[in-house]
Amino acid sequence: MSIYAIGDLHGCHAEFVALLEKLSFDPKRDTLWLVGDLVNRGPDSLACLREVERLGSAVRCVLGNHDFHLLVAARGGGKLKRNDSLQTVLEAADRERLLDWLQGQPLAVRDGNQLMTHAGLLPQWGLDQVEALAREVQVALTGEHSGHFLSQLYGNHPDRWDNTLDGLERLRCVVNVLTRMRFIDAEGRLDFTANQGLDSAPVGFAPWFQFPRDDDPHLLFGHWAALAGDTPDARVRVDALDTGCAWGGELTALNLATGERTRVPSRASAGVAS
Numbered sequence: 034m035s036i037y038a039i040g041d042l043h044g045c046h047a048e049f050v051a052l053l054e055k056l057s058f059d060p061k062r063d064t065l066w067l068v069g070d071l072v073n074r075g076p077d078s079l080a081c082l083r084e085v086e087r088l089g090s091a092v093r094c095v096l097g098n099h100d101f102h103l104l105v106a107a108r109g110g111g112k113l114k115r116n117d118s119l120q121t122v123l124e125a126a127d128r129e130r131l132l133d134w135l136q137g138q139p140l141a142v143r144d145g146n147q148l149m150t151h152a153g154l155l156p157q158w159g160l161d162q163v164e165a166l167a168r169e170v171q172v173a174l175t176g177e178h179s180g181h182f183l184s185q186l187y188g189n190h191p192d193r194w195d196n197t198l199d200g201l202e203r204l205r206c207v208v209n210v211l212t213r214m215r216f217i218d219a220e221g222r223l224d225f226t227a228n229q230g231l232d233s234a235p236v237g238f239a240p241w242f243q244f245p246r247d248d249d250p251h252l253l254f255g256h257w258a259a260l261a262g263d264t265p266d267a268r269v270r271v272d273a274l275d276t277g278c279a280w281g282g283e284l285t286a287l288n289l290a291t292g293e294r295t296r297v298p299s300r301a302s303a304g305v306a307s
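Take 34 as the starting number for the sequence shown in my numbering and just add one per residue.
By construction, these hints were calculated from the structure, which means they are not laboratory data. Here the structure is a predicted model, which is why all the values come from computation and not from measurement. The beta-carbon is built from N, C-alpha and C at its ideal position, and this holds for glycine as well. Some hints here could point you the wrong way.
Think about it this way: if two alpha-carbon atoms lie no more than 20 Å apart in a straight line, the pair counts; the simulated EDC-like pairs of lysine to aspartate or glutamate are [said to hold, decoys possible]:
id, residue 1, residue 2
1, K114, E124
2, K55, E84
3, K112, E124
4, K55, E283
5, K61, E84
6, K61, E86
7, K112, E129
8, K114, D77
9, K112, D133
10, K55, E293
Cβ-Cβ distance ranges computed for the label pairs, FRET-style [claimed, not checked]:
id, residue 1, residue 2, range
11, P235, K114, 19 to 29 Å
12, G237, D63, 37 to 47 Å
13, S233, N116, 14 to 24 Å
14, G292, D232, 26 to 36 Å
15, S233, G188, 17 to 27 Å
16, S57, D161, 32 to 42 Å
17, E164, T197, 18 to 28 Å
Modelling step: build the complete structure from the supplied sequences, incorporating the hints.
Pasting the structure below:
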């Protein structure tokens with residue numbers, strides 16, 4: 034029995050299938066941890082959603098910012114962007130079942146000292162706290178007022194966590210941390226302008242994983258394709274899993290027991306991640 038954590042699929046269904054074959058993945062024996070952004074930018078978001086849903090209990094998945102973008106477009110009154118590749122999902126006969134499944138996924142998956150979120154973890158948050166905050170979002174996302182929640186989700190404020198936050202501002206901040214975070218300052222303030230490599234950090238900001246913590250978890254994240262799986266000067270135990278498959282890079286799986294990485298090359302031409 035093996036547990037594999039896999040980076041952002043972004044609609045790269047052919048590479049996903051090829052990676053599972055290379056791993057000799059058996060859903061009756063093995064488990065997948067998927068780090069979110071199952072959809073968008075790649076060629077076959079619909080097939081990715083169907084494949085992951087079909088695998089059932091063999092999959093543990095967290096939501097990424099592109100997954101939220103699909104939910105907002107489908108159920109929160111949002112609009113698609115020019116470079117989106119989500120129309121096939123929105124037009125699919127089984128869209129409601131797939132959207133229900135996606136909307137039911139959490140923002141954090143934890144097993145002991147291992148924690149997976151899409152974008153990372155604030156150094157100020159402990160593992161118990163992030164699980165509790167992720168549950169708050171999941172309750173809002175699956176409740177009877179979920180459409181209103183999705184319609185109010187977007188926004189860059191508040192850009193710093195405060196325990197006194199409440200209502201939609203509290204939930205928006207949690208979602209932004211767990212699905213959009215890259216650079217933060219020493220007070221935990223998020224920057225939303227820089228999305229490329231480490232040299233794009235604004236003055237006074239650094240990657241979230243370069244700040245020390247009081248505990249020693251093993252953190253798994255995706256979201257940041259420009260890192261290509263590398264986390265230099267990390268002050269925490271961390272594995273970056275987004276290796277830019279949709280932009281001509283690779284799709285990567287990490288064996289959580291052995292630390293071995295297995296990769297398959299992208300079938301897409303090189304591009305710019307976001």
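Would the pair K112 and E129 pass a check requiring their Cα atoms to be no farther apart than 20 Å?
The given pair, whose Cα atoms are some 18 Å apart, holds under the 20 Å limit.
Straight-line alpha-carbon gap K61 to E86, limit 20 Å
Holds - the C-alpha atoms of E86 and K61 are around 15 Å apart, at most 20 Å.
Quick one: are S233 and N116 within 14 to 24 Å, going by C-beta?
Holds: the Cβ-Cβ distance is about 20 Å, inside 14 to 24 Å.
Given the hint of 37 to 47 Å, is the C-beta distance from G237 to D63 inside that range or not?
holds (43 Å)
Holds or violated: are the alpha carbons of K55 and E293 at most 20 Å from each other?
holds (13 Å)
P235 versus K114 beta-carbon gap, inside 19 to 29 Å or not
About 24 Å separates the Cβ atoms of P235 and K114, which means 19 to 29 Å holds.
For the pair we were handed, K114 and D77, check the Cα-Cα distance against 20 Å.
Status holds; Cα separation ~17 Å.
Taken at face value, is the distance from the CA of E124 to the CA of K112 at most 20 Å?
holds (14 Å)
Take the C-alpha atoms of K114 and E124, compute the straight-line distance between them, and say whether it is at most 20 Å.
Holds, at roughly 16 Å.
Is the gap between the beta carbons of E164 and T197 within 18 to 28 Å?
Holds: the Cβ-Cβ distance is about 20 Å, inside 18 to 28 Å.
I want to verify a distance hint. Is the separation of the beta carbons of G292 and D232 within 26 to 36 Å?
holds (28 Å)
Taking 20 Å as the top limit, are the C-alpha atoms of K61 and E84 close enough?
With Cα atoms ~15 Å apart, K61 and E84 stay inside 20 Å; holds.
When each numbered hint is compared with the structure, no violation occurs for any of them.
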